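Given next are the chains, with one letter for each unit.
2 protein chains.
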Amino acid sequence: MNGYRLVGLALGLLLGVWGLVIGCRQPETASEEGVSAEPISLTDEEFARAKQLFFNYCAGCHGTTRRGATGPHLLPEAPEGSPYPGTRQLGTAAIKAFITSGTPGGMPDWGRQGILSEEEIDLLARFLQLPPPPIPPMNLADMRSSWKVHVPVEERPTRPQHNRNWRNFFGVVLRDAGKVAIIDGDTKELLSVINTGFAVHILRSSASGRYFYSIGRDGKVTLIDLWMDPPALVAEIKGAYDARSVDVSKYRGRRGNFIDRYAILGAYNPPHFVILDGLTLEPLKIIRTSGYDVNEGLFYDEARVASIVASHHDPLWVVNVKETGEVWLVDYAGVAAGKVKIDVLNAEQFLHDGGWDHTKRYFLVAANNKNKIVVVDVQEKEVEAIVETGIRPHPGRGANFYNPTYGNLWATGHLGDNTIALIATDPGPNQWKVVKKLELPGVGGGTLFIKTHPKSRHLWVDRTLNNDPELQRTIYVFDTETLELVKELKIPESIPQARAVHLEFNQNGDEVWVSAWGRKDDPSTNAILIYDDRTLELKQIIQGDWLITPTGKFNVYNTANDIY
Amino acid sequence: MNGYRLVGLALGLLLGVWGLVIGCRQPETASEEGVSAEPISLTDEEFARAKQLFFNYCAGCHGTTRRGATGPHLLPEAPEGSPYPGTRQLGTAAIKAFITSGTPGGMPDWGRQGILSEEEIDLLARFLQLPPPPIPPMNLADMRSSWKVHVPVEERPTRPQHNRNWRNFFGVVLRDAGKVAIIDGDTKELLSVINTGFAVHILRSSASGRYFYSIGRDGKVTLIDLWMDPPALVAEIKGAYDARSVDVSKYRGRRGNFIDRYAILGAYNPPHFVILDGLTLEPLKIIRTSGYDVNEGLFYDEARVASIVASHHDPLWVVNVKETGEVWLVDYAGVAAGKVKIDVLNAEQFLHDGGWDHTKRYFLVAANNKNKIVVVDVQEKEVEAIVETGIRPHPGRGANFYNPTYGNLWATGHLGDNTIALIATDPGPNQWKVVKKLELPGVGGGTLFIKTHPKSRHLWVDRTLNNDPELQRTIYVFDTETLELVKELKIPESIPQARAVHLEFNQNGDEVWVSAWGRKDDPSTNAILIYDDRTLELKQIIQGDWLITPTGKFNVYNTANDIY
Chain A
1 MNGYRLVGLA
11 LGLLLGVWGL
21 VIGCRQPETA
31 SEEGVSAEPI
41 SLTDEEFARA
51 KQLFFNYCAG
61 CHGTTRRGAT
71 GPHLLPEAPE
81 GSPYPGTRQL
91 GTAAIKAFIT
101 SGTPGGMPDW
111 GRQGILSEEE
121 IDLLARFLQL
131 PPPPIPPMNL
141 ADMRSSWKVH
151 VPVEERPTRP
161 QHNRNWRNFF
171 GVVLRDAGKV
181 AIIDGDTKEL
191 LSVINTGFAV
201 HILRSSASGR
211 YFYSIGRDGK
221 VTLIDLWMDP
231 PALVAEIKGA
241 YDARSVDVSK
251 YRGRRGNFID
261 RYAILGAYNP
271 PHFVILDGLT
281 LEPLKIIRTS
291 GYDVNEGLFY
301 DEARVASIVA
311 SHHDPLWVVN
321 VKETGEVWLV
331 DYAGVAAGKV
341 KIDVLNAEQF
351 LHDGGWDHTK
361 RYFLVAANNK
371 NKIVVVDVQE
381 KEVEAIVETG
391 IRPHPGRGAN
401 FYNPTYGNLW
411 ATGHLGDNTI
421 ALIATDPGPN
431 QWKVVKKLEL
441 PGVGGGTLFI
451 KTHPKSRHLW
461 VDRTLNNDPE
471 LQRTIYVFDT
481 ETLELVKELK
491 IPESIPQARA
501 VHLEFNQNGD
511 EVWVSAWGRK
521 DDPSTNAILI
531 YDDRTLELKQ
541 IIQGDWLITP
551 TGKFNVYNTA
561 NDIY
Chain B
1 MNGYRLVGLA
11 LGLLLGVWGL
21 VIGCRQPETA
31 SEEGVSAEPI
41 SLTDEEFARA
51 KQLFFNYCAG
61 CHGTTRRGAT
71 GPHLLPEAPE
81 GSPYPGTRQL
91 GTAAIKAFIT
101 SGTPGGMPDW
111 GRQGILSEEE
121 IDLLARFLQL
131 PPPPIPPMNL
141 ADMRSSWKVH
151 VPVEERPTRP
161 QHNRNWRNFF
171 GVVLRDAGKV
181 AIIDGDTKEL
191 LSVINTGFAV
201 HILRSSASGR
211 YFYSIGRDGK
221 VTLIDLWMDP
231 PALVAEIKGA
241 YDARSVDVSK
251 YRGRRGNFID
261 RYAILGAYNP
271 PHFVILDGLT
281 LEPLKIIRTS
291 GYDVNEGLFY
301 DEARVASIVA
311 SHHDPLWVVN
321 VKETGEVWLV
331 DYAGVAAGKV
341 KIDVLNAEQF
351 LHDGGWDHTK
361 RYFLVAANNK
371 NKIVVVDVQE
381 KEVEAIVETG
391 IRPHPGRGAN
401 FYNPTYGNLW
411 ATGHLGDNTI
421 ALIATDPGPN
431 QWKVVKKLEL
441 PGVGGGTLFI
451 KTHPKSRHLW
461 VDRTLNNDPE
471 LQRTIYVFDT
481 ETLELVKELK
491 IPESIPQARA
501 VHLEFNQNGD
511 EVWVSAWGRK
521 DDPSTNAILI
531 YDDRTLELKQ
541 IIQGDWLITP
551 TGKFNVYNTA
561 NDIY
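These protein sequences, in sequence, are chains A and B. In case it helps, the working numbering puts the first sequence at residues 1 to 564. In case it helps, the working numbering puts the second sequence at residues 1 to 564.
In isolation and in its complexed conformation, chain A is listed as follows (with noise of 0.2 Å):
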């Protein structure tokens, strides 16, 4: 009974602060009365296993360090201030109710999905209660000792070694496998199979589109060249141990041609950003993204580099660093005469991932755990507003279409309610103002993705993290003039135990790629689901024993363009 007293307290700490009260909520009782008096103890082999599986599964949004970000702190001790109670006043139990069951506030139930055993579950609750392992450094030898170019600039082709239409090509992230696929959107064939490693996160696509870079939870970047018939891996480099994020130059004008010249790979840990050559990945300068918050001025040695995406109009690119809050614009014009330009705007935490709105003036970017929107002027390089739009907002890269009421509209869907902002995008009253909400039928939000093409007149919405099984399978689609839901499409019955996650269109913008993300063991359970996006039909499942786990899909086109 202590435990399930402990839980919902905990719960209910939890929850009261996420603005979602469920009742029994005793914070100042909880702290007081709710501290474990039993021993922890790990053997080495235990905490190594923990330590990695915290690193897969809890490490993105409680931070390697666990000082908190997107999800409460994980410390053994609450730190000052914080309405979050240690680990150690938690207790074992309650943690492995967290983990189990998970919150609707976004904490996965990793427990029920069947994702962790028990076991593990248990090692991670004692694991949580000692405390974080210090994060050892890297340097440029360990990034120079891991970096390969496996073909090198001069041997690669200079023309395409092939007929096939490849500004359509799709990088499909195969995630458990630790591979990408690179499938013709035109034909929907299968050319190749390439290993990336642990976790792909993204795939960008170079300002050319002849090159697909991936980057791994693991850190690792991946050149891709799909000249190549059939496409294959160039070049390959660690740069950090755990990653998110990785663009490039897509500049070319008055201050220089960096067509296909720059990559930069965007650190969780170390805390740091890597200028890498484009097309070999050698690594030219790193930044270190340690800092203070811009609200109340702490330090976080672990301020990670959430998200990344580059200029169209400015050699530059817009840096997320999660924790301090703060936007770096980048500037990447003098990096080979050994100087890159920052400049440092203060923002809002924590900052997570976002996109251009339909100029490619205005970057927007969700700051998720105060429930808002960031909008940066990166003409004017300074933040333009920040915008309440719903709890946990999770835009993806957003979606931008217009609408004959509200004009231009910048969208985003929420982890944390079932809710869809819109955002004016034109000059006027409602600029940076959310015109309209839609909403999606059910309980909770979970939606990781929201997508629509400048051809199209739907906007497409997943909603993977909802705690519902069947909502994760469904993927919803608005018109974009009128407003309404117009179809609920779901997984069929012939791919069991899969979610929906990810859309992405084809070039020409009339067809839609879905992801049904399933086991890592069973095939069966995992497919692409392409949809015409003019009659909402599913016109074709792609599967096979190299499908395994797809999550994001990467159009060449519209990746290269911004388009979304």
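It is worth saying that the hints were derived from the structure and are not from the lab. Only a predicted model underlies this, so the values are computations on that prediction, with no experimental measurement involved. Built from N, CA and C at the ideal position, the CB exists for glycine as well. Just so you know, nobody snuck in bad clues.
The calculated label-pair distances, taken between Cβ atoms and stated as ranges, are:
1. E154(B) to P136(A): 49 to 57 Å
2. T359(A) to R156(B): 42 to 50 Å
3. E388(B) to F47(A): 44 to 52 Å
4. A385(B) to P137(A): 26 to 34 Å
Using the hints, position chain B against chain A.
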């Protein structure tokens, strides 16, 4: 005997690497044979004392985390690739010998000078064989809690409350007294002695000259209002645990009027800089300087702000990061709007101090461990040149003068040799070349400061850190036209046990003030010596019970206008 052999080996190692071989150097055998097996232990009280001694005497050159900078690392085990042995390999006897006797390379002879006792040296020698203690963070709240505005802006006078020529006031650092004296440069009267905290490193004048800012080794900035009668402390803040630099905003022009608007504190530890309100010292923005060095790409958490200068032509500060060898040009025009723009330039390790050329377009800074001066073109925001000058250049801010043969020159002395290097600054084939070296008589360097003035034809040079007590007391005067040594001046014998350190002209450029830096427990060993710059005769000696350990002296007009 074994102890002496080790000392010989260790000295040989150090000197070999520093380029001054004195026989018997056998690094390979030393690292194999020299491993000490003696057990090391300190009581908590001993450890705390040793830590403070290390902070006071060693951390400046070796770093708080003891990874090395101007001096070698002092870690128990040598880092990979380091030419210096670990302190455990050196052992207690060898380390004690170094601390007692110093090295010709620049390590002071703390024992022989009587600054550290035998017992303190023994304590340090043991402390250095244990791992360095971690550096705690310092958050904005810590700074705010130390922040005091003694006289609010609205209660300060709107015009000077005295009829003195305050632009010729001198601020004199009374280092070990923890005070700053304000002296009227016209009348030589002592106006005020102000408590500033531990070991003030420098003063800077606000752009108007009205205010002095002090920065202490303890990270405390004080603000002194010279319009008050007497001049008084009006605000203070502790923005670090260890610091060396402070400067002000000096720009007025198209991009705004920043006269007396901001100050900046450059810290050693934590490694950051803090932008402060110039009139209240309120902390506005903290930026971490941890990073990766420009040569090997090694990560330095302790990447310390070595020095800062303010541009007169642009709204920016030049922030020199010691360990990484990066020069950061920090644009402050957007601070009020929540943005800071930083140009990160790859320069050279390990950066120390420097000053403007006569046009104030170029900033010249010592990379003292590489025996080089880096020339930064602050207008074009790039490294213009890197010039080898001599062994461990220590320019202070250097000295600018016109010579009929070589044109405009910028000069630096050296810690490690007896030369003054003259670098041509005018455009042409000789620009940024060492066109001439002036030699100081006698063995060894030890020069900390050199100084001249546009109205003087003399270049003044100290030799404070020379190992020879007689040379420590000597000031050298060169003719800037003939480049001949025209006079050697010695501290009068009536002031025993003092070293000559730091030279400062008065506003008119016809007087030079020199510190006789003596013992903190005996005022008679301390003085300010005032020389007539035309006759080179000693015209006045300032002494007093208040005049304890004078070091830097800062004339308001010359400091505000960067005249040196």
